[in-house]
Amino acid sequence: MYSEKVMDHFSNPRNVGEIDAPSGVGEVGNPVCGDIMKIFLKIEDNRIVDAKFKTFGCGAAIASSSMATELIRGKTLEEAWEVSNKAVAEALEGLPPVKMHCSVLAEEAIHKAINDYRVQQGLEPWEEKNHHTHGHEEESCGV
Amino acid sequence: MYSEKVMDHFSNPRNVGEIDAPSGVGEVGNPVCGDIMKIFLKIEDNRIVDAKFKTFGCGAAIASSSMATELIRGKTLEEAWEVSNKAVAEALEGLPPVKMHCSVLAEEAIHKAINDYRVQQGLEPWEEKNHHTHGHEEESCGV
Amino acid sequence: MCGAEAGMGIAIPASGQDMMDKPARWEVMQEKRTIYMDNAATTPVHPEVLEAMLPYFTERYGNPSSVYSLARESRKAVEEAREKVAKAIGATPGEIFFTSGGTESDNWAIKGCAWASGKKGGHIITSSIEHHAVLHTCQYLEKNGFSVTYLPVDEYGLVNPADVEAAVTDRTVLISVMYANNEIGTMEPVREIGAVARDHGIPFHTDAVQAVGHVPVDVNQENIDLLSLSGHKFNGPKGVGALYIRKGTRIGTYEHGGGQEKRRRAGTENVPAIVGLGKAVESATAEIPEVSARVSRMRDRLIRGLLSTIPHSRLNGHPEKRLPGNANVSFEFVEGESMLLLLDSIGVSASTGSACTSGSLEPSHVLLAIGLPHEKAHGSLRFTLSGDTTGGDVDYVLLHLPGIVDRLRQMSPLYKPDEKEVKCNVQ
Amino acid sequence: MCGAEAGMGIAIPASGQDMMDKPARWEVMQEKRTIYMDNAATTPVHPEVLEAMLPYFTERYGNPSSVYSLARESRKAVEEAREKVAKAIGATPGEIFFTSGGTESDNWAIKGCAWASGKKGGHIITSSIEHHAVLHTCQYLEKNGFSVTYLPVDEYGLVNPADVEAAVTDRTVLISVMYANNEIGTMEPVREIGAVARDHGIPFHTDAVQAVGHVPVDVNQENIDLLSLSGHKFNGPKGVGALYIRKGTRIGTYEHGGGQEKRRRAGTENVPAIVGLGKAVESATAEIPEVSARVSRMRDRLIRGLLSTIPHSRLNGHPEKRLPGNANVSFEFVEGESMLLLLDSIGVSASTGSACTSGSLEPSHVLLAIGLPHEKAHGSLRFTLSGDTTGGDVDYVLLHLPGIVDRLRQMSPLYKPDEKEVKCNVQ
Ligand SMILES: Cc1ncc(COP(=O)(O)O)c(C=O)c1O
Ligand SMILES: Cc1ncc(COP(=O)(O)O)c(C=O)c1O
Chain R
129 MYSEKVMDHF SNPRNVGEID APSGVGEVGN PVCGDIMKIF LKIEDNRIVD
179 AKFKTFGCGA AIASSSMATE LIRGKTLEEA WEVSNKAVAE ALEGLPPVKM
229 HCSVLAEEAI HKAINDYRVQ QGLEPWEEKN HHTHGHEEES CGV
Chain W
129 MYSEKVMDHF SNPRNVGEID APSGVGEVGN PVCGDIMKIF LKIEDNRIVD
179 AKFKTFGCGA AIASSSMATE LIRGKTLEEA WEVSNKAVAE ALEGLPPVKM
229 HCSVLAEEAI HKAINDYRVQ QGLEPWEEKN HHTHGHEEES CGV
Chain E
5 MCGAEAGMGI AIPASGQDMM DKPARWEVMQ EKRTIYMDNA ATTPVHPEVL
55 EAMLPYFTER YGNPSSVYSL ARESRKAVEE AREKVAKAIG ATPGEIFFTS
105 GGTESDNWAI KGCAWASGKK GGHIITSSIE HHAVLHTCQY LEKNGFSVTY
155 LPVDEYGLVN PADVEAAVTD RTVLISVMYA NNEIGTMEPV REIGAVARDH
205 GIPFHTDAVQ AVGHVPVDVN QENIDLLSLS GHKFNGPKGV GALYIRKGTR
255 IGTYEHGGGQ EKRRRAGTEN VPAIVGLGKA VESATAEIPE VSARVSRMRD
305 RLIRGLLSTI PHSRLNGHPE KRLPGNANVS FEFVEGESML LLLDSIGVSA
355 STGSACTSGS LEPSHVLLAI GLPHEKAHGS LRFTLSGDTT GGDVDYVLLH
405 LPGIVDRLRQ MSPLYKPDEK EVKCNVQ
Chain F
5 MCGAEAGMGI AIPASGQDMM DKPARWEVMQ EKRTIYMDNA ATTPVHPEVL
55 EAMLPYFTER YGNPSSVYSL ARESRKAVEE AREKVAKAIG ATPGEIFFTS
105 GGTESDNWAI KGCAWASGKK GGHIITSSIE HHAVLHTCQY LEKNGFSVTY
155 LPVDEYGLVN PADVEAAVTD RTVLISVMYA NNEIGTMEPV REIGAVARDH
205 GIPFHTDAVQ AVGHVPVDVN QENIDLLSLS GHKFNGPKGV GALYIRKGTR
255 IGTYEHGGGQ EKRRRAGTEN VPAIVGLGKA VESATAEIPE VSARVSRMRD
305 RLIRGLLSTI PHSRLNGHPE KRLPGNANVS FEFVEGESML LLLDSIGVSA
355 STGSACTSGS LEPSHVLLAI GLPHEKAHGS LRFTLSGDTT GGDVDYVLLH
405 LPGIVDRLRQ MSPLYKPDEK EVKCNVQ
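Residue numbers (our numbering), protein chains in the order written: chain R, 129 to 271; chain W, 129 to 271; chain E, 5 to 431; chain F, 5 to 431.
FYI, nobody ran anything at the bench for these hints, they're computed from the structure.
Please note that a few of the clues may not be correct.
[Said to hold, decoys possible] Partial list, computed: chain E residues near chain W (C-beta under 8 Å): (1) Phe337; (2) Glu339; (3) Glu341; (4) His378; (5) Glu379; (6) Leu418.
Backbone N, C-alpha and C fix where the C-beta goes; we use that ideal spot for every residue, glycine too.
Construct the complete structure from the given sequences, taking the supplied hints into account.
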């Protein structure tokens, strides 16, 4: 069901944990739906110098969190903002259709964390683009 | 599906053929239904001294004809009249339920042949008892 | 060939009259062989098919719906089989849904389309020679507010596509005509019927249970929207089949429950059987060119031999548009079951009408539909050959059947030995 | 036992925190074993069952509906299997009808009774924890003019017979309550529910797919009119099951076609599978006394061990009225699939919820029905043991699961390591 890459990032997740005094935090998901993703960022000079996560969820959710934090580490905020759910899924060599929403969660968590930082800095939060895959997630967990 | 006795009487039917100048003949059944049975009797001193048959039909029909002619040979007409379809079926060590009508045909053919003789002799034909299994036959071939 | 030639060429055993005078056990009268000529009823599972299935009973028994490795092996095996089935009929894997056999596929296709149509009082067009899995399903729907047209067939069992066209109404929700008939082997003009259906935007289902694995089938070239197939008709296992559903076809769920088969057919997947179905359909399809030519030749020799040596016999079904393995012949004045039993006693398995109707006393609806009178319908035999049939098997039947028919005719009150055959039954 | 005892008795591997700092392939951290604890999803075919089946694939392949010897062998085998199934549940052979599995049996029982009732707007009573084969069938009937009462269950998953009684109306055409639940293992008061049904002259169906072959079942003593069973749940083959129909019960045909199964269930009989079903049900039933006692002991040790070593855990289902093999435990703050994957990586096959719902994101309807909040329902595991399970298998799970749960909790934003367990989950 899962690609080897997913299994690798699930079995040996990178960047698990919290960051003390993070620059920004983004939490998305809902325990009722079976997944919560929390991403912690440490930002210096508009660049993500550290990213960590804590996730409650399925294998794909954990792997997506791991991959997403890997992808954004070292990136500028503008670059990190552009890391899409598709990019996460592709870096994982694909996700099963019913699990695509996990990559969406990862993208959303990054955005939330970045905006958390921006708001703390007194900046305007950036605006979310609309995900066409987003509807899917809501369909899947209609609780 | 068939007992060994049925298979024996089907594979090696007794009394196949016709009787020249028979004392009585009984033909029952309908080619449309897939079976016709014709029984020929030679009667001397109120006793069946020879019985033969010709049958178009399934294995059970042929076996029933064979057994029926065996059962009535040597019997008085009164005794032969009492040979019921059940007696034929039992002598064959049973017939499958859907084939019980074959033994009914045999009983009817005997009765018809006996009455054919009686009428030729200027006697009243004997009256048929009602068969409870008879309805079944009509159900099976409702053409 | 004419009945006048009866008795020529092939030796016929001693006449029935003789036998009747000195009864002898028929069985011991000849060296007994085992000849299976009822491949339309079912076929043995071929050894390589069974071999492919075996691991899935004992070692790879995982439920494909689960997430662990054992289960993923099963899932993979199921999906590989799906690809093989798809390839065999020119479909895509996503259009193949596994079922418990031809009967379920037919039930699902017909009820599923009828119910999904949403039209109250919907209309279905089918033929009068369908398998009972189609006919009885249609009759059931008739009792539930649908109307059904049962198209007639010609003397060869062919449905006329123009009749299909003429039967279409604005309430028609499904056209279902079989690919090839299981009793008389006639192959229907499926492509033309499919074209009519397409013209009217009506889904077209074909029961191809007797065709798949025996003749080339292509759902796209032949305008087929739904197709039923069954594993045990081409040396695969019993109890497994598939329904092809063209993408976009509206059809309701028939078996409700778990989310298997993309939520369209519930029930734990029968993994070993599905693997066997895949393997069998792959082998059978690959062998069609060679096997169908060889089997057709044997079939033709059997038909010609029987018609030429047995008077008062006729071929049922179309002389050319017929399944490679099917020979269906009627013998007047005798009844089918008694021929079957005598054939069985010399080791030959065949059938009269179809396996499903034998045991009942009604003559085959197919033989009646092609115009056979009841009494002739009762006296018909179906021999269905396969790639495992040998020329020697055909010889054996040709050697012995004339004697069997004669023996029974001698017992038959309908048969007058001197009767001349009036009609000439040429193949 | 209380969470306070956590960590006592059994060694727990190094804490998750440690692992996160130096990632290492979990798989290579221990000697890998293969432990199958998902017997409620499916079971391997036992060798003696497969052996009984084998001849019917290749040598004895005859279609039981035919008349020749080969076919009669198949007929005999099918009827012998029918006797074995009948004997296993205290029925007579004439009341056993073979199907393609539990799902079809459930569909047939429910749709067949609903349609045969002849009552427009008929009413069905069932429970809210039935298998989807029952629930989705009922939902389908609701869309087709029937009304359905889904009875609630208590915290252990028990249906109250008084609730059944209260739900009966003069339009009730069927009561269907499962014998034992597939997820939480709770055994329902079938006899009492059957008595209510009988009092009102309503047919009573029970889905005994998880019960037959595991606990003694008797259709007469337990007032059952219709019963579903499935071969692959007791070491028989997949794709075969049976529906018991008490003589005199009004039920319509579900699968239309040939005259098989006394004209009540069409389709060429799946002879090898039916033979396997017969053999498997005979063996499993004979072994119930010994196996159920042994398996129950292992189950109890597993449950006690997990609850005592893993804080924030609770048993789902009834502590005593449960299937011998079923252990269903929820672990707070973690999600089921990730536990399954880690278990799989050390060779343990288990399930979360049921095999049918895994892969979907909805938490199990059964766990919700017993009052579990969604987040706890997501964190539940089902281990289903069998006679093939060993004490060593249980030890292995007890040794490794605490570490797995801990590892995932360390990753979970919901888990606060210092959190004290407030509720005491005693078994
Ligand atoms: C044309 C046709 N359709 C349907 C079926 C039913 O298939 P199954 O017996 O696999 O259910 C058969 C064979 O029995 C058949 O010949
Ligand atoms: C309680 C219950 N009912 C019905 C079924 C369906 O049985 P099958 O998968 O054989 O169709 C299952 C198992 O999947 C089950 O556990």
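Evaluated hints:
1. Phe337: Nearest chain W Cβ about 7 Å off; hint holds.
2. Glu339: It holds, given that the least Cβ distance between Glu339 of chain E and chain W is near 5 Å, below 8 Å.
3. Glu341: Check passed: Cβ of Glu341 of chain E comes within 4 Å of chain W, closer than 8 Å.
4. His378: holds (4 Å)
5. Glu379: holds (4 Å)
6. Leu418: OK, holds: Leu418 of chain E within 8 Å of chain W, min 5 Å.
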